[in-house]
Amino acid sequence: MTDVKLDLVDLTKQYAPGIAPAVDKLNMQVEEGHLVALLGPSGCGKTTTLRMVSGLMDPSAGAIVVDGRDITRVPVHKRGMGMVFQSYALFPHMNVADNVSFGLQMRKVSKAQQKRRVAEALDMVQLGHLADRQVKALSGGQQQRIALARALVVEPTLLLLDEPLSNLDAKLRETMRTEIRAIQQRTQATTLFVTHDQDEALDMADRIAIMNGGLIEQFGSPTEVYERPSTRFVAHFVGRANLLAAKVVEKVTDANAAGEVRYRLDVAGLGAAGALGRAGLEGTTRTVLVRPHRLVIEKGEGSGVTGTVEATSYTGDAVTMQVRVGEHLLSAETHTLGDHVARPGDSVRVSWAPEGALVIPEATEG
Amino acid sequence: MTVPATATLAGVDAAHLRGPGAQERAARRRDARVRWALLLPGFLGLIVSFVFPLIYMIRMSFNRGEPNGVVHDGFTFETYAQALSDPYYWQVTGNTFYMGIITAVLCVAASYPIALFLARSESKWKGVLIALAIAPLLTSAVVRTFGWMVILGNQGLINTTLTSMGLIDTPIQLANSMTGVIIGLVEIFMPYAILVMISGFGRINPQLEEAAGSLGASKARVFGKITLPLSMPGVLMAALMVFVLSISTFITPRLLGGGIVQVLATEVYDQATGLLNWPFAAALSTILLVLFGAVIAIYGAVIKKLGFNS
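Protein chains in written order, with the numbering used here: chain A, 1 to 366; chain B, 1 to 310.
Pulled out of the complex, with its shape left as it was, chain B reads as follows (with noise of 0.2 Å):
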């Protein structure tokens, strides 16, 4: 027999001369110890990394800051005042919302079918199937949403193809406009949607088709009565990351909307490194990181009360 090794972190020696009860309440304190020990790198890593920074941008956005650079040290509402007195930041804080839904909504939509099929599929390549969907993941956004800009531009692939078809006689507007950040956004998010449902389709028992089947359901009534319903959980739970990933993301907005599209994202960079105010980045990313907040609770009170928490 082999001692583990932890055995001699937590007196094992001591506790077995103590009789079986106390001997168990020894083991058990120490696999306390052990998980708490095995908690501890990540638990530093996040507050060094995650918990530290968030205190300082949120004690940031208190202070006051010039379009030169210059903090002034304090305690003010006074950059809050401005963003939200401001129609502007209304608008771009609109401009977001519509973003980040659209995308979700039409992500998951696209991704929807892909999902069923891998998660129903009892293929030998299924494995390989699942790597090739989210294989986009291997090259970055930067690369992705230039190769959008290629295909949407104003002689790209769709542009060029249209002209010389003759279907149309000038552009169509698709890349520097929302319609390209959404178009990018989507394809480039797909994979991640896909992957969250199909861990969700995963646990639909694949019996109760065929039961809705047996009792008289074609194969459509079976996918909205019984497959559609009880993916929801997966499908909004897609929606949401989705939803979070693109109101947070910079570059595809950035270089997609060509300057024209602004999210808070654009805006906190453009504050943070065009016009070196701070506290205003500061600020504004407190603002997102609320919205997060509250759209994460409010959706989460939705699928609660839809029933879909099991």
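So here's chain A without its partners, still in its complex pose (with noise of 0.2 Å):
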């Protein structure tokens, strides 16, 4: 592994007595120079973990690691870290300037070195002629780039971002992502960063901690976790699924590159079907995933099982379609053009090819 900036070690937060920690003995260690996404519902204790990071609050148990130092008990204004808020914070009784230097003041910067940090911080986020401007009469956007601008201008050692984007309309939101992400790989901080938006993860992160419950459910690559779920939550938290319980027959490949075999499965309520999983899961009852954009839909004569459709749903560049095949409803997205697009009441054939399917290793209750 390359150089760790952040080591977090069974890092607890139990807020009373006799409740559940909203952090249980988490461990997750961040890459120099990667962007980390927190993902998860909310009450899953990821702004619990962000803030105990920042030193905003004090953890219960456990340590937080910064290039090798533990640093669980230095107060907040001594870690240094960037923090943008979910409110974005800025100071109004400040205008966009002083708010920018703020973090330099407290560094006691000369006022030179200030004046021309700030002058760069504010170009990096293409807000260099609102350095006058009172806060209040930004708008949404404006005061986001100006949070991360008061938050980067320091120098931090983690850049720490608390559900930055859930204030700005959807379009906004977007340009916002990748100007974040290109600020960020440019300057090349390491960041941590708290969303319950799993578009947001998937587009900016390095590496997503997709975490439930307190605890890390996976952490991996915005691939691994949307395509190699390794829990059913993370599959039916990341992207839309069709999660189906099946008994692992017998594998009929062995291992690939990966280290994965296809697996023949007893789908129940739809009978045989394939699906790739990790090798050793025989004669073990398991949940499928499919994603919705992996059943393959043909009306009239086609492989696989018979259904009825019982809603579409038309987007413009996609229509999702619920099929009924028996006790199930499937999710199922096709492309607007083609034959294949079926009304409410159509009967259609429903399969998916063994490579567009999953065996979620966890083993299922009961």
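I should point out that these hints are in silico values taken from the structure, not numbers from a laboratory.
Be aware that a few hints might be false.
[Unchecked claim] Sample of chain A residues with no beta-carbon within 12 Å of chain B, all distances over it, derived:
# : residue
1 : G33
2 : K111
3 : L160
4 : E179
5 : S230
6 : L243
7 : E260
[What the hints assert, rightly or not] 30 Å max Cα-Cα, derived DSSO-like pairs, lysine-lysine:
#  : chain 1 : residue 1 : chain 2 : residue 2
8  : B       : K225      : A       : K115
9  : A       : K25       : B       : K124
10 : B       : K124      : A       : K136
11 : B       : K305      : A       : K136
12 : B       : K225      : A       : K108
13 : A       : K111      : B       : K225
14 : B       : K219      : B       : K126
15 : A       : K108      : A       : K78
Predicted, not measured: the structure shown is a model, and the values here were computed from it.
Just so you know, even glycine gets a beta-carbon here, dropped at the ideal spot from N, CA and C.
Please assemble the complex out of the two chains, which come individually in their own frames, going by the hints.
So, in structure tokens, the structure goes:
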């Protein structure tokens, strides 16, 4: 592994005795220069984790190590981190330049230096012309950039972003995503990014930590968590998913380069099918993941099982169909072109290629 | 579906026959009428209990009074001339302002930490603590003033304690002095100041302090650079309220001042009930009222200039 910038060791936060910990013995290593997204539903402990790293909250147990130095007991103002808050938290009684130079002032940087670095930081977010503006007069997107400039101007050891895009409208959110990612890559600032938005995480992050109930369910690249989720929760939370209970009957190929084999399955209510999965799962009952766009829908004759289209939803680029097959209601997505677009009430054939399905390694309950 | 009781008031039956636009307009007219109707009782109450007496008082101040209680109807500036030309009343006005300003400053300073603590508290006892902080309002200012007389008097708690400890030989003059009046007023108005400041502090985003901390500011600097400046609107509002309350109060200066401390409010009382010179009392009251107005106007302009109007 390359340089580890941030190392969280058994990090735990329990707000009160007797209740479940908000963060439960969390372990994570962040590489230098990486942007890591903490992704999960509300209450999963992602914000608590970020606040402990920032020093705004004391952990109940465990350690936070930055650049090999244990900073668990270092107070917030001596950690040298740059944080961007959900509300941006710009100081309303100061103008833009004073907001950005605040961290430099606290570090007793000379006035001339302050001026130069503030100008640089504002240029970086393309708002150099707003230096003398009052922050109240700025739009949401501008406030967001100023908050970013204020955090980055101090050349922070870590850049911490707490749901920075959630207060912006959809269009602006996408622009800011690209921009934050570009700035992060240019400055090579190691970044922790808290979000509940999977698109944001997939789009921006080098690594994603999917959190649930105070634990990390999976820590991997965007492709890994989307294509190879290790738990049902991850499969369900990242992207849309059809999750089906299946018996793993036998393997039909040997392990490929990635260590995966093709299995023959017996899917409850659907019958025989195939899927990829890690070796050694023969004879177990597992969950099979099929993404909606991996389902093959054919009108009239075709392979697979017969189902009935219950509803369709047209979004221009794609059509999403709800297809009833026995007890299952499957979600399928296809392009709008072609003759496989069905209407509610149509009878269709449903199938998938084994390469388009995954046996989730997590043991199913019961 | 239930039909609102007000519907019959505004002739909805007729309105809905005239199409959707007309119906909307009718609804808006109805809303407006309901709003005025709801305002009416309070409005009438204010006219009867505030506006009429005020007009009567101002009218009275232009009459000519005699110390024996006889009031000559007329329209003369005699009483004003008398009040404004007598250095005694300038002295009384000066006392009033001195008392108001010192009380406001000390009261706000004493209430600030309590209000900040209460506004920031996340304890489940927060409600109880706030109730405790304003509980003194449940007893009248008269009772609390008597309490302070017991504490501050020459034979009171403070002086007997200090004497018995051998720290002083003769009692410190606390009661029957401006010092005593200000001590009493500060305590009496603290609940108001706390309430006003709590609501002001509640609007400060705690993330601002966290942001300052994350940018390298120690707790003391976070307070000095962020909390204090941002709490100024609440502080200034509380100070104005305490000032206005204290320069118009009569009981505490009267009782704790022991007749030695003369302010406009006690002077008005003496003129009205002691000397029965109603026009003169009315003129002094009007002067006090004009001073109020002036202070509030100047204060408002200053606050606006400082950019605290948000």
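How the hints compare with the structure:
no., hint, verdict
1, G33, "holds (21 Å)"
2, K111, "holds (17 Å)"
3, L160, "violated (8 Å)"
4, E179, "holds (21 Å)"
5, S230, "holds (34 Å)"
6, L243, "holds (38 Å)"
7, E260, "holds (44 Å)"
8, B/K225 <-> A/K115, "holds (19 Å)"
9, A/K25 <-> B/K124, "holds (29 Å)"
10, B/K124 <-> A/K136, "violated (34 Å)"
11, B/K305 <-> A/K136, "holds (16 Å)"
12, B/K225 <-> A/K108, "holds (15 Å)"
13, A/K111 <-> B/K225, "holds (18 Å)"
14, B/K219 <-> B/K126, "holds (23 Å)"
15, A/K108 <-> A/K78, "holds (13 Å)"
The earlier numbered hints that this structure contradicts are 3 and 10.
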